Every structure is written in structure tokens, then in C-alpha cells.
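One line per chain: the protein sequences are A and B, in this order.
For the first sequence, position 130 matches number 130 in the numbering used here, and the numbering has no gaps at all.
Each number in the numbering used here comes from the position in the second sequence (counting from 1) with 1000 added on.
In case anyone wonders, no lab produced these hints; they're calculated from the structure.
A quick note: this is a predicted structure, and the numbers were derived from the prediction, not measured.
Idealized CB from N, CA, C, for every residue including glycine.
Be careful, since some hints might not be right.
Unchecked claim - With a straight-line cut-off of 30 Å between C-alpha atoms, the simulated DSSO-like cross-links for lysine-lysine are: (1) A:LYS197 x B:LYS1117; (2) A:LYS198 x B:LYS1095; (3) A:LYS80 x A:LYS606; (4) A:LYS63 x B:LYS1122; (5) A:LYS37 x B:LYS1122; (6) B:LYS1122 x A:LYS40; (7) B:LYS1122 x A:LYS735; (8) B:LYS1117 x A:LYS630; (9) A:LYS655 x B:LYS1156; (10) B:LYS1156 x A:LYS201; (11) A:LYS201 x B:LYS1095; (12) B:LYS1156 x A:LYS630; (13) B:LYS1156 x A:LYS671.
To be verified - Sample of chain A residues facing chain B (criterion: CB under 10 Å; computed from the structure): (14) HIS24; (15) CYS27; (16) PRO48; (17) ASN51; (18) GLY58; (19) ASN59; (20) ASP217; (21) THR254; (22) ALA649; (23) VAL739; (24) ALA742.
To be verified - For each label pair, taking beta carbons as the anchor points, the in silico distance ranges come out as: (25) A:ALA264 x B:GLY1160: 37 to 45 Å; (26) B:MET1180 x A:LYS63: 51 to 59 Å; (27) A:LEU748 x B:HIS1049: 48 to 56 Å; (28) B:GLU1110 x A:LYS63: 17 to 25 Å; (29) B:ASP1064 x A:LYS37: 30 to 38 Å.
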Amino acid sequence: MGEGSKVSLLEGAEIKKSACYFCHNNCGLNAYVKNGKVVKVEGDDNYPINNGGLCSRGNMNFKFHDHPDRINYPLKRVGKRGDGNYERITWDQALDEIAGKLTRIKSEFGAEALATAGGTLRTDDWARRRFMNLYGSPNGFHNAHLCWIPTFMIETAIYGWCPFEPDLANSRCAVMWGHNPGASAMPEMRHFSDFQKKGMKLIVVDPRYTETASKADIWLPLRPGSDIALALAWLNVIIWEGLYNQEFLDNCCTGFDELAQHVAEYTPEWAASKTWLDPEQIRESARMYATNTPGNIVWGVALDQSGKSGGVATHARALLRAVTGNIDAPGSDLMGGPAQDFITDEEMEANDLLPEEQKLKQLGADKFPLLTWPGYGKIAAITKQVWGKAPTAEWMCEAHPPTVWEAITTGKPYPVKGLISLATNPLNSYGDSKKVLAALRAVDFHVSVEYWMTPSAGLADYILPAASALERPIITSTYGCADFLLASQRAVQPMYERHDDFTFWRELSLRMGHGKENWPWKNLEEANFYRIQSLGYEVNSYDEFVEKQRFHFPEREYYKYGSVGFATPSGKIELASSTLADLGFSAMPTYQTPVENEDDDPELAKEFPLVLTTGGGVMPFHHSEFFNIKELRFLRPEPHMLINNETAAELGIEKEDWVWIETKRGRIKQKADVSPAIHPRVIFTERGWWYPERGAKDPDLGGVLESNCNVLTSTEDKDCDQYGGSWANRGLLCKVYKVTEANTKGGL
Amino acid sequence: MARYAMVMDTRRCIGCQSCTVACKINNELPLDIIYNPVFTDGPKGSFPHVQRTDIPMMCMHCEDPPCVHACPTGASIQREDGIVWVDDSKCVGCKACVMACPYGARHPNEVTGTVMKCDFCKDRVAEGERPWCVKTCHQGARIFGDLDDVNSEVFKLVNGERTVRLLDELGTGPCVYYIMD
């Protein structure tokens, strides 16, 4: 290629302000559009999240947009489920038939017999909730239970809103608790590196020596699932060494004396045997957080994925901010509350339309009240009084997914006959995959709105083509719970016959006779404009807002609680939480053992002597996606588990050997990454794995059970977090052995 | 005249390989050709005392490039600003440059029969843009610029920080500098 070529391609191209949605950071993109086609995509240098940067996945937006494997037309199954035979049909036919089926399900079994599952920010969530409310079913869900939602709701119960925005620029210490932005949130990682250079301390709590841990001042490689012991011991050190913030406690909190007594027994020495950490390490790290104020505890998924011991650990961790006064002060974790000047997701959901008796039927509400209508309703009522707004119900108030799978398979507590899933592959992403598989085989009617032919889509009756990031206008507002928003536009209208799912839900809803008055906006741009109009910018359309403003950040107001108060029953931060107590839990966090362990079940530990942690992300994949994109897969062609070098030597396992990882629920195989980066008794497995190259058809379904970490995880009620029902990815017992011909004969 | 160079701040690199992919996608490289691999040294040590360093690699755009000397056809060219590139129309695919390069930065393309290499995204640089690997790096671990410009960040880093050059002893004068911990 000679000098100066390639330049003309972009001549005359229009730049559209789009966004990546391959993870929650929603990095800004510039899409170059020429003659109605996207010709190039690059990071937007002027976007505050990423400043032009893109991770390996983000660089894939152009390829993703028109990838040959994409589903582009509505498909209807012909022949047996799982055989992979589909015929192309029109949208009209698909929607008419689906509407007919949903009408029959409702009349025969009740509206609650329809469940819907959503993916990760690939979906227009308020539109789904609006549809479900109009239809009358409380049984929508995501993998919300494993990702921030328990944290949000527990913290909201205690403080009156979740303080999820770390003010890092003024911070002196950031704690990454089960969070590895070095592999999951690159734009965040950049900030940590920048501020670390300016003197901010970095504490990383993680069983693995991760990308992020490698940059830490203190790395705490605790036993998976033992976070509650560490958090209680930190509280003990901070309170009993007098490192707390007396003024903040006096002015803003109730229950300090009770808490001090409660944690008196939880000394670092007590925690050491439970966490496998050294008592001095625990002391030193607690002191580092408490004395380098202001500071932050940055959210990560680990506690949300720890099952039984996860909720209490989240509860205890939340109290650390309170006793150190690290809430809403400059440099601390900011509690901006819900948006006051634009219309939130919750206000678009039309939750009032769902009858009270239907709310009561939400699956899992009787067992796990926090993230279902009983807890959500209670908490939302208080936040509405104080903030004037409620958290998003989609995400914060959902059916308990394992209970939905169970209902599909057994018909108990009542039958669930229909499932609509959007941009999600439940076989890989929900706990206990064999149970999910049984449900997907048993369900009467399954519609999958998808990008790819995933193993789960391979069992669907209808597959509908989903529009992707460059084909959707996206408002990013931290699941509808932030006081700010970032906005992006469609680069082009959806290609082929793809649709955004706002359009899908609206069209389906109108066919079901829900009435146009319930869907006054013809498209997402109209709906988005309705939401931002009150901001008062001089714009006449949503697109104009994106082009001229791109984002809206209200003026930062520290110590907002001074004027608003805390949205709790007492109006203060409740170190002994009356809301949690009213829901039937201990007002203060009590110690829970990891889901599976040698003390509670010595027999199990004899057979399965190692501790498993899974669910953490590795680049370049996200959840169960991108295994089919060869420009990414070459970086990591095969799944890898991480095992300590000494343990591997004892077990005769060498680097790159295929090994079985087995829990009492089943076994999978991954290749061995042998390294000192993990405790000798801990095993880490990569998540999400399937093999698209094998085809998503029976009997193999893309090898969906072969290397999929969720074959190992537990969703049994007793293993779930008592507050919200999060199931257990971490703190399980497992064994590991080399794959041989002899031990492979029986299959998986 | 400019003298283009790159500084790799390994204190910031986390081994995410965004640069690897950004280069491959935007320069439309064949799947088996990688201009920007990232090598991870470690994790090494003994649990829990472990260490890792991520080292992004690429063409070093040497001051005295052995690949250019080895090229019999004049296809390998070093510009005055230091950028080493290959003129496809003159390359016969003899691979002499592949043998000569001590950094493994030259890649035979079996389909076209020519040899490919990083050209510091010279077309972008001509437009005032940064190379793709630099723009894409969230971590700001790659810094590109003009060593002859005393106000440039690369000049300040090369002259103000302790840097090393890989295989410096071979005397090719690599223009990629590494800040190690």
C-alpha cells in the first residue's frame, strides 16, 4: 500500500454520536456514516467516559454491526425443538402468532404464566416492564441478582439510596472489593491508575492476583465467600481502635453503640482462620481505609455472587462507609439520588398498572423479599417520600430466576408456560445450567430476541432479530438510578429486519389490545425526547440533544443529605437497619459461613477439597458472548481455569493440560493455567464458555455443558442469599483432576 | 523534521490487549498477523508474593533498522521522520527482513506474498491523529510523539524518566522506550 491511501473512504461521511454497549461503561463511539451505511467506528475523543479509548471488544463494534453470524430476519421453528431448523417469516406473522399465544396463556393459566428474561444493557428495559405491567405478569427478570442489584437495594435500605458514584478525583483510598476493572471496566481502571499516581491508596480484595491486584498497595487474597468475616473484622478494627468519624456518626447515623457491641467479638484474629488472611494484614488494610479519608469502596460483583454469605457481607461492607463518614463528602462515595430534572426509567415503567394481587404472585417473593415486591415496595415508598422518586423496578424488583426455571419444569408453585428472552443466553449465564436446560426443554412457548444463534436460542420456537448498539438510541443513567445521563443516537436505522426491542414490545402490546394511549411514542427517539425535554436545553429532538449536548450532569452537590435527608424510616443512616429488620432479617449483619465448607459439611469437603470461585470476567469476552468472533477469540481460543502451581504439581497437572473441575452438581473441563496467582486451595474458572463453531443444535448445543462454569454453581434455596436470593458462584467446594481417556468415557 | 517514537509505560499497562485488537481491526490485518502482541511476564513468585509485568511489543522503528539494510529491492523504507514501512509494490516476499529483524516485527503475508509490518499508522499520523494502538489504550500506557519536539510528552518521558530499550545492546537504536516499575 502506498503513502496517503485510505483517506478518501471517509470523505463526505457524517459522524453519528453512538455508544458501545458491550459492557456497562457504554463508551462513546463516533460512527462514520456514508450513503446510509456505517463505514468506520472509533472511540469518541470527547466522550467523558472513555476519551476516545476502546477495549478489545469495543473495537469490534464495526464487525459486530454486520457480522455474518448475526440473526437478521424473524425465524420460526420447523421440526423438532433443538434440531436447528427454522423458516424465515415476516414480522407481522411473528407478532400475530406470538400475540395469539400470549393471549391464550393468559386466559388459560393467568398472566403470571408468562416470564421474560433480559440481557445486559442490550435491551430497552422500561419498555419490557411496561409491557409486562400491561399484560399483568410480575415475572420479568435479568441476571440482576448477580450484578449490583443486591448491593443497590441493601445500601438503599440502610442509607436511603445507594452511593454508587465514587468521587475518585478527591479520594485518598479506593477499596476494590471483588472488582477487577483491569479486565472488566477499562475506563474505570484508567481513573484508578491516574489517581494512584497522585497518591491515592489502592486496596484490592480478591482471591486472584488480577490485573487490578497487580497494581494494588495491599492485596487481600481472601477465601472465596468469606468476605463477611473480613468486613466484620474491619468494622471491629475501625470501631475498637477509635478510627471512626464521630461527627458523622453523631449527626447522620443511628445505632452506633449497638453496632460497636455487635462487632466486638469479630476481631482480626477471629477472622483470620475464616478468611485465610493474616490478622495484621486485616488490621493494616482496615487502618488504611479508615485513616486515608476521604475514600471509596468501589462496587464489584463478588458479593452479589456469593450466595448465602453475600447479602450479609454487602450489609457489613455498607456499614464501613457509614462509620468512616465516607458518604456524600468530597472524595467519598456520592449519593446523588435519583434524577430530579428528567424522567427516570421507573417513571416510564407504568408500575401502577400492575394489580396488587399480581405483585403478590411474583415468583420468589415469599422466599426472598428484598428484590421482589415486598422489599422493593417498602423501600420505594420511602424513597418516593424523600427523593420524590423510586428506584427502577426493572432490575430492582424481579422474579427470582431459579424459582422461575423450577416453576417451568415442575408447575410449582404455579405453571409458567411462556418465556420471552432478549439478548440473553440463560444456559450459560444463569446458575445450575442443567436445571436451566431442563426448563428450556420443558417450556411450552419460547421466543428469543437475539443477535446470535446461541445454545438457548437454539431451543426457541421463534427467534427475532435484535438491533445492535449502532442501531439504537441509548440513554445511559446507571440502570435509571443516577441523577445524570449520557445519550447516544442511532448511527443508522436497523439493518435487514432487525428491531430495537422498544419497537418489539410496542408492536406486540398494540396487537394484544393494550391501546395506543399506553404507547404514545412511536419510536425510541420520541420516548427519549419526552424524557429529557424537562432539562430545558434548546433542542427540538432527541437527536439534536445528542448532537449538541451528549450528556447532562447536574451541578455536583455534596452533602445532599443535609437538605434531602436520608430516605430511611428514621431519617438517618441506620447502622441497625429497621427496614431490613421489618423484612425479617437481622438489623445488623451476622456472620455466615461460605456456601460450602469443611466445617458445615466435612464429608463433602473430603471429596471436594478445593474452593471454587467463578463468575469473574476475562478479556476479551463478556458474559457468554464473543466466542464466535474470530478477531477476539484468537486471544483466548480455549477456556482456562486457574490453579496454584504447588497444587497442580501435587495433582500431576501441567500447564495447558485439560482438567475436569467437579462440584457435587456436575463437572466441566477447561485447560489449566498454572500459576502462583491464586491460593493453593482455590480454583478459578472462566465463565460463559460455549463453542459456537459446533453449532447450537442438539444434542451438543454448542458444547453448552462442556466448559460452562454454571454447571458447577448452586441455586438451591439454602445456598442463596437470604435477603434477595442471589445464588452461589463463589465459595463452593470442588475437585480437580486431569482429563484422561478413561475418565472421559462416561461423558459429562 | 520530526523523529517519531513511542513510550510504553508498563506501570500502567494491564495486558488487556486492546492495542492488539485495535491495530488488527483498523489496519485490516489477516487473522494470523499481529503487530502489537502484549507479553505478560509472570505472574511469578510464590503465592501470595507475586508479581506481573505486561510488556506491549511492536516494531521498534529503529534508528539503524537492520530490516531496511537487509531488503534487496528497496521495498523497506525508513523515512526521515524515522517511520519504517514497506512499499508493497516493490516487495517480492523474500523474507530477508524477517530474518534480519531481532524483534519479530515483520510478518510474511502468505496470501499476498509480501511482508507486512507496523508503520506507526503513518496515514493517521499524517492527518494529525495518533496511531490506533495509542488512541485505543484506555490506560494511556502508550505515548506517541516527536522526540525532536522538546515540548512533546515522549521527549519529556524519555529524558525525564528511567527508560529502557529492548535489546539495546544490538545497537539498532530502537525508538520504543519502556518505563519499567
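Query raised in the report: Can you give the numbers of the hints that this structure goes against, from lowest to highest?
Result: 1, 2, 3, 7, 9, 11, 12, 13, 14, 16, 20, 21, 22, 23, 24, 25, 26, 27 and 29
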